[in-house]
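Visitor: Each residue of the sequence shown is one higher than the last, beginning at 1 in UniProt numbering.
Hints in this document: simulated from the structure, not taken from any laboratory. Where a beta carbon is used, it is the ideal one built from N, C-alpha and C, also for glycine. Incorrect hints may have been included.
Unchecked claim - Okay, derived cross-link-like pairs now, SDA-like style, lysine to any residue, Cα gap no bigger than 20 Å in a straight line: (1) K24 to G159; (2) K104 to L56; (3) K130 to F102; (4) K130 to A53; (5) K130 to E120; (6) K130 to R145; (7) K24 to F102; (8) K130 to Q152; (9) K24 to L85; (10) K104 to M69; (11) K24 to P70; (12) K104 to P165; (13) K130 to L118; (14) K104 to R18; (15) K24 to P154; (16) K24 to E83; (17) K130 to L56; (18) K24 to I128; (19) K130 to I43; (20) K24 to V136; (21) K24 to M166; (22) K104 to P151; (23) K130 to G68; (24) K130 to E59; (25) K24 to I43; (26) K104 to F66; (27) K24 to R38; (28) K104 to I43; (29) K104 to K130; (30) K130 to P154; (31) K24 to H101; (32) K24 to K104; (33) K24 to A92; (34) K24 to F66.
To be verified - DEER-style ranges, computed between Cβ atoms: (35) H101 to R137: 46 to 56 Å; (36) D60 to P165: 25 to 35 Å; (37) L56 to N78: 30 to 40 Å; (38) S87 to E59: 44 to 54 Å; (39) Q54 to P165: 44 to 54 Å; (40) S51 to P116: 31 to 41 Å.
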Amino acid sequence: MDTSLDSVPDEKNPALARRSGVIKTRQVQTRTTLLLVRMRFHITTPQRPGSDAQPLLAEDCRIFAFEGMPASARWLDNEQAIEALLSATSEANLAAVQIQHFLKQVLNGYQEHLAPHLRELAFERGAILKDAHRRVRRASSLSVRNVAVEPQLPPDVLGVYVYLPMQG
1 MDTSLDSVPD EKNPALARRS GVIKTRQVQT RTTLLLVRMR FHITTPQRPG
51 SDAQPLLAED CRIFAFEGMP ASARWLDNEQ AIEALLSATS EANLAAVQIQ
101 HFLKQVLNGY QEHLAPHLRE LAFERGAILK DAHRRVRRAS SLSVRNVAVE
151 PQLPPDVLGV YVYLPMQG
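Construct the complete structure from the given sequences, taking the supplied hints into account.
Guide: Given below as structure tokens:
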């Protein structure tokens, strides 16, 4: 457990998942991975004639989870299931080599299998942010024309947490 939250170096992407952990718990039936993701967006709003548009920066941190291996990820969309992961407790120790093995499986499958889904989610979140921004501008009697929200890709994966089911 002493090393369960140490970062695992990834030579391909050293900024990926600076926080990580692996636990064994009775609260999952199949291997489940939780990702803490930060999405950044540039919001461009109408400006006065003759002035340059200055994009605003918005950040949105979200927790996403999937069951299985990255190549066959079954993404969880049930917020209650994801919330349950946050309260899961560790019920057995793992050796440092096991922890690194499970984390590297996620990191090695990230670019090919997980990143495309997270990019898609960034565009979905961007559309939601744009709608919210337009509602606020409309309520403030400001122009909503030409409001644009663009995700800054790729999203940042701040944490990777693997939950393993207890055997027996």
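Visitor: All hints are to be evaluated individually against the structure, with a verdict given for each.
Guide: Each hint, compared with the structure:
1. K24 to G159: Within the cut-off at roughly 17 Å; holds.
2. K104 to L56: violated, 35 Å
3. K130 to F102: violated, 37 Å
4. K130 to A53: With a Cα-Cα distance of about 16 Å, the restraint between K130 and A53 holds, given a limit of 20 Å.
5. K130 to E120: holds, 15 Å
6. K130 to R145: holds, 11 Å
7. K24 to F102: holds, 12 Å
8. K130 to Q152: holds, 14 Å
9. K24 to L85: holds, 12 Å
10. K104 to M69: holds, 11 Å
11. K24 to P70: holds, 19 Å
12. K104 to P165: Distance of about 18 Å is within 20 Å: holds.
13. K130 to L118: holds, 18 Å
14. K104 to R18: holds, 13 Å
15. K24 to P154: violated, 30 Å
16. K24 to E83: holds, 17 Å
17. K130 to L56: holds, 12 Å
18. K24 to I128: Between K24 and I128 the Cα gap is close to 35 Å, so the pair fails against 20 Å, i.e. violated.
19. K130 to I43: The hint holds at about 8 Å.
20. K24 to V136: Measuring from Cα to Cα gives roughly 44 Å; hence the hint is violated.
21. K24 to M166: holds, 6 Å
22. K104 to P151: violated, 27 Å
23. K130 to G68: Not satisfied, since the Cα-Cα distance of roughly 33 Å exceeds 20 Å.
24. K130 to E59: Measuring from Cα to Cα gives roughly 13 Å; hence the hint holds.
25. K24 to I43: violated, 41 Å
26. K104 to F66: holds, 16 Å
27. K24 to R38: violated, 26 Å
28. K104 to I43: Violated, at about 35 Å.
29. K104 to K130: violated, 36 Å
30. K130 to P154: Given that 20 Å is the threshold and the Cα spacing comes to 19 Å, the pair holds.
31. K24 to H101: With a Cα-Cα distance of about 14 Å, the restraint between K24 and H101 holds, given a limit of 20 Å.
32. K24 to K104: holds, 17 Å
33. K24 to A92: Holds: K24 and A92 sit about 6 Å apart, inside 20 Å.
34. K24 to F66: holds, 16 Å
35. H101 to R137: 46 to 56 Å: This hint holds: roughly 50 Å between Cβ atoms.
36. D60 to P165: 25 to 35 Å: holds, 31 Å
37. L56 to N78: 30 to 40 Å: Between L56 and N78, where Cβ atoms are some 32 Å apart, the hint holds.
38. S87 to E59: 44 to 54 Å: violated, 25 Å
39. Q54 to P165: 44 to 54 Å: With a Cβ separation near 50 Å, Q54 and P165 satisfy 44 to 54 Å, so the hint holds.
40. S51 to P116: 31 to 41 Å: Holds, since S51 and P116 (Cβ atoms, about 37 Å apart) stay within the stated range.
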